[in-house]
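J.: Letter by letter, the chains look like this.
Protein chains: 2
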Amino acid sequence: VSGGPDSLVLLHVLYSLRSHYNIDLLVAHYNHRLRPEAAREAERVRAFAGELGLPCYVGEGPVAAYAREKKLSLQAAARDLRYQFLERIVRETNSQKLALAHQLDDQAETIVMHFLRGPSPRGLSGIPPVRGHIIRPLIEISRQEIEAYLAEHRLEAVFDPSNDKKIYLRNRVRLELMPVLKEYNSNLTLRLSQSAEIFREEDRYLEEETDRWWARLVSREGGRLLVSFAGYRQAPLVIQRRLLRRCFRETAARQEDLSFSQVERLRRWLEQPAAGKKLQWPWGVRIWFDGERIIFGQEEPVPGKEPGFPYHYLLAGPGVVELPQGRLHVAYVDKISWAEEELKELGPWTVVVDAGKVSFPLTVRTRRPGDRFFPLGLGGSKKLKDFFIDLKLPAEKRDQVPLVVSAGGEIIWVVGLRLDERFKVSAATEQVLRLSYEENKPEMV
Amino acid sequence: VSGGPDSLVLLHVLYSLRSHYNIDLLVAHYNHRLRPEAAREAERVRAFAGELGLPCYVGEGPVAAYAREKKLSLQAAARDLRYQFLERIVRETNSQKLALAHQLDDQAETIVMHFLRGPSPRGLSGIPPVRGHIIRPLIEISRQEIEAYLAEHRLEAVFDPSNDKKIYLRNRVRLELMPVLKEYNSNLTLRLSQSAEIFREEDRYLEEETDRWWARLVSREGGRLLVSFAGYRQAPLVIQRRLLRRCFRETAARQEDLSFSQVERLRRWLEQPAAGKKLQWPWGVRIWFDGERIIFGQEEPVPGKEPGFPYHYLLAGPGVVELPQGRLHVAYVDKISWAEEELKELGPWTVVVDAGKVSFPLTVRTRRPGDRFFPLGLGGSKKLKDFFIDLKLPAEKRDQVPLVVSAGGEIIWVVGLRLDERFKVSAATEQVLRLSYEENKPEMV
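In order, the protein sequence lines correspond to chains P and C. Each residue of the first sequence is one higher than the one before, starting from 1 at the first, in the working numbering. Each residue of the second sequence is one higher than the one before, starting from 1001 at the first, in the working numbering.
Just so you know, these hints were derived from the structure itself, not from any lab. One or more of the hints may lead you astray.
[Said to hold, decoys possible] Selected chain C positions facing chain P (Cβ under 10 Å, derived; list incomplete): (1) VAL1112; (2) ASN1163; (3) ARG1191.
[As the list claims (entries may be wrong)] With a straight-line cut-off of 35 Å between C-alpha atoms, the simulated DSBU-like cross-links for lysine-lysine are: (4) C:LYS1357 to C:LYS1385; (5) P:LYS382 to P:LYS71; (6) C:LYS1383 to C:LYS1357; (7) P:LYS182 to C:LYS1357; (8) P:LYS182 to C:LYS1071; (9) C:LYS1071 to P:LYS70; (10) P:LYS182 to C:LYS1277; (11) P:LYS357 to C:LYS1182; (12) P:LYS182 to C:LYS1392.
For every residue, glycine included, the Cβ atom is placed at its ideal position computed from N, Cα and C.
Based on the provided sequences and hints, a complete structural model is requested.
T.: Structure below.
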């Protein structure tokens, strides 16, 4: 329970239904300590739980420090720590269920975000209403219905001002994109939630079908997966695709999926595979054919070198680049909304730069010998290597830091660490470009 | 070949590859006679085909009259007549294939349009690259690549000014929405096309699985479908949904699908069906349970009364209402773009009204006794019944004309026939509301 509208309604509804369903409730609140009002909000949740006679567990943690340490965005760090806390309370209190207050609009926004990245049956399934012991009783309730419930029951929710900031992708989707999409279909939110149910079931069905083929075709030998080639060729195209993606995911050094074009490349190669030749894939995966079986194995690790690095990607204009460990978003933003105090709140994973000084295509790449830049505030240039040394960044990490480089070759941003002086926003800036980096997460919510 | 960029490139590419693939080409052009330049464009296509030494068939037809007669939008009527002409040429010339010039951006726009209506696995499959003898060789080629090809080969395409008009949903998606979506992912067009391939295959696979269950469970008796109840209950949820939708589609008076919530209502009813009780569904479908089988049958037709009528729908704000035979879109539009001559070009299926005079919720309904309105240009009010009689509209059609009614009960638009005088756009209009009606079509492209 955050104290916001959704969680307040969830608590109130569950409280009203507690005898009907014969359930014992307890309240858990996590204080992220990111806003000055946080302590007061924790007190309000505690007081509300007290009024209802429910036990209330309040946790808190060093979100900012955790974000720095794990190289996560503030949002991702807050979510990690919050879930850790909630799961600990579930364990320690022997609770059966963990009820979360995601609602219909969250669901629709999540699906739109998946659509924007390139829709997949899994992505369009959205947020699962039930998964393990996690339940989301409000997932079919709209924001409007929640407001009406609050008014009817005279409940006063806490207002979180960070929901109004357009710096996070989810907030931009909620505040900017959803209203535009609703001009085309005012029922979109409901329709997306209904569609999610269909996609969820069809994806589950196809995964179960894949399970059956997997049981027949795939065996393990040490860390390797062996797939019967004759059996694979008999499988329908949809099953072939899902088998290949699953084999990759299970052998990769990180929980990563092959992209559509990678799956298609692999499928084409398997139309006439050359025995003996090994394919090198991202995340250390090697794939080869021994005449009878397709074999997925992990590469021997090279000390100090993670798979997937070095890399080098081009970005022709504003948009998204997928990197081995995350993705970089580049977008023009409205200058007016970038007041001085907001700039300070961007955190390490978002920067704004003077769009007039940046030339496309951008390159997003790992470091190269000789890299130099003008660290913000230093008043001069510095070797990137020395910059890393001064930061005491471990040597094996240095090859993984993404650099955003302008078409002229100047480093614009050492991602997560420092902006370049030459590209900063000034009084003369006419247009602002926002760069933001988002770590890969197994789930988007 | 329209003479526009896409079709010109298609023709040129196929011409260049004709000996490689050993194909004979012939060119067909349909003159819609909707624009003053149309005849000149037909001549240009004919000349271009002549330069390449290819036979060229040019057809033309009364699109506007056909639209009036069949109550179609100009766009839909043009498409109907064009396809009829192309198919006739295919037959008469004994051609093997009909190549159409849909390209990657068309594909992405189609998928976005399906997404906006509520995505389904079928809808997100987009435009099929191959269906029967229709092939779309450019479906993976972007508008940008087509422009580059034209420039490289110094081909001069005809520019169709109607592509710049925002009155059609597709044009609005292309001109207004796609640029917004690409700010979130500049690669969206390609990603959507790749996703379409996945959805297409998964949908095909699930349809084939449904075929297998259908063959086991469903039998015909006269015009009825009988489904084994025990067998239905054994089927996985995804198959149950697809079976029910297919049974409905095959028994309905029109080629119509059940909506998500209708399928779910039916599924819930089938959890404990009462033998003997008959469910009434849209399009004259009756569903009942005889203790062993679920039976789908067509209602006895009531003379003069089509199923699905009368109806009555509310629209809380701008958006879309699904009607039995089509859908109504309501949206605010930029007043500046509505010059006098553009207003005349809207055709019977789109009107613009003074938003300041319209109150939400709108009602979209069929006629009721006593309905009156102020037909545009008449200078007074008139009974709707007399208006229909004067138009010589057959009695059985009068119950099917959608009426858009303001919150105060005033008729705003007799859809396809006449605007109300009170709501017309004037010099004092501050905001414009566009109402447009789109007939159900089995396919969106």
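J.: Hint by hint, say whether it matches the structure.
T.: For each hint, the structure was consulted:
1. VAL1112: holds (9 Å)
2. ASN1163: Since chain P brings no Cβ nearer than about 19 Å to C:ASN1163, farther than 10 Å, the hint is violated.
3. ARG1191: holds (3 Å)
4. C:LYS1357 to C:LYS1385: Satisfied, since the Cα-Cα distance of roughly 25 Å is no more than 35 Å.
5. P:LYS382 to P:LYS71: holds (23 Å)
6. C:LYS1383 to C:LYS1357: Holds - the C-alpha atoms of C:LYS1357 and C:LYS1383 are around 21 Å apart, at most 35 Å.
7. P:LYS182 to C:LYS1357: holds (22 Å)
8. P:LYS182 to C:LYS1071: Satisfied, since the Cα-Cα distance of roughly 28 Å is no more than 35 Å.
9. C:LYS1071 to P:LYS70: violated (62 Å)
10. P:LYS182 to C:LYS1277: violated (39 Å)
11. P:LYS357 to C:LYS1182: At roughly 22 Å apart (the allowed maximum being 35 Å), C:LYS1182 and P:LYS357 satisfy the hint.
12. P:LYS182 to C:LYS1392: Violated, at roughly 39 Å.
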